[in-house]
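Participant: The lines below spell out each chain.
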Amino acid sequence: MFNRRKIVRHVLEDRGDLLVVAGLGAPAYDVAAAGDHPLNFYLWGAMGSAAMIGLGLALAKPRSRVVVITGEGEMLMGIGSLATIGVKQTGNLAILVLDNRHYGETGMQPSHTGSGVDLAAVAAGCRFPIARRISASTELDEARALVHSTQGPVFIQAIVEPESAPRVLPTRDGNEIRLRFAQSLQKIER
Amino acid sequence: MDETPDQTAQWPCQIFGHLKRVRVSQVGYVPDAGHSRLIQLCRDDAQIHDVVLTTEEEGVGLACGAALAGERAVLLMQSSGVGNCINAFSLLKSCGFSCLVLVTMRGEFAEFNSWQVPMGSITQDCLRLCGFVVMRAEHEDEVDDIAGAACDMAFDGLTPVALLLSQRLIGRKKWLK
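Residue numbers (our numbering), protein chains in the order written: chain A, 1 to 190; chain B, 1 to 177.
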């Protein structure tokens, strides 16, 4: 099992111009803990929307790399998005699901994946050419390569320890999060 | 059942003309008889990413992702789909995203399926409560003008706009044996 902070830090280290969408709850804190960045779009609500925000970005910026980092509960709520992304075959999009098999924000109730629901198999069935379930720390480098450079759409279900990490809260001002992301992306293009 | 509305009507082409005029580059939709012609025009356009959704709420995320990258997206849905979007619409208010939603109405003029009425009858109020300016086109001869206004207000005025296309405009759905 991975430590969730460790895998997110490893994936986001020296990230270059990687565009990051962070699902609400612990994944947003994990992304913030790896270092706040204007190209992080943190969600505080709209549960189930993270993957589709990633798709909209990836279609608009085919030369950029986009990663959605979210929890398995958030992914389950938007599970149809995997079919939608499978139709588009968006090569520059990766989804990294941090699967602790629990709904951490609401009191650690068991989630569907703890009962054996296989998200990576769902992604493979939705035509993701790369759909991996990883759990050993030796796969950290591979996860990083899949996120940064593998032709996708890429789906990674990373099994993480259920222990919650200290909260590192990004700003909750959605206008600020949107504006600084959009302005930073515009600067890259100049 | 004949699912295909009048294929000679010009209003879908007029709406498409406005989408092109304001440089819409992504269109999210759930297949819909009323929008079928507009969907086909979008699918046939090399400059537009057409994204077929499993549920309408996916389109809200899509549109916000596009907007983050400075692109313009439009969502096409039936009135029933508006109900599916409500929590996702919180992205618009929370982050100040604009949005344009084109809604084909069910549950009103000569509706044969009573199951369409509960959502159809609250569609306009739902959209208003979610922060949309709601416009409505009842007749073919007003679609061009209203669609143009909706596009301008959504993308230049940066205001979430929903344009309701009335069931009378789309045409009665015919039951065939």
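These are computed hints drawn from the structure, not numbers from a lab. Some hints could be false.
DSS-like cross-link-like pairs, simulated, lysine-lysine; straight-line CA separation at most 30 Å [unchecked claim]:
1) B:K93 / A:K88
2) B:K20 / B:K93
3) B:K93 / A:K6
4) A:K88 / A:K187
5) A:K6 / B:K20
6) B:K93 / A:K187
Quick list of the computed label-pair ranges, beta carbon to beta carbon [said to hold, decoys possible]:
7) A:Q151 / B:Q7: 35 to 41 Å
8) B:D145 / A:G116: 53 to 59 Å
9) B:A110 / A:E176: 58 to 64 Å
Heads up, the beta-carbon is just placed ideally off N, CA and C, and yes, glycines get one too.
Participant: Quick check: which numbered hints come out false for this structure?
Facilitator: 3, 5 and 9
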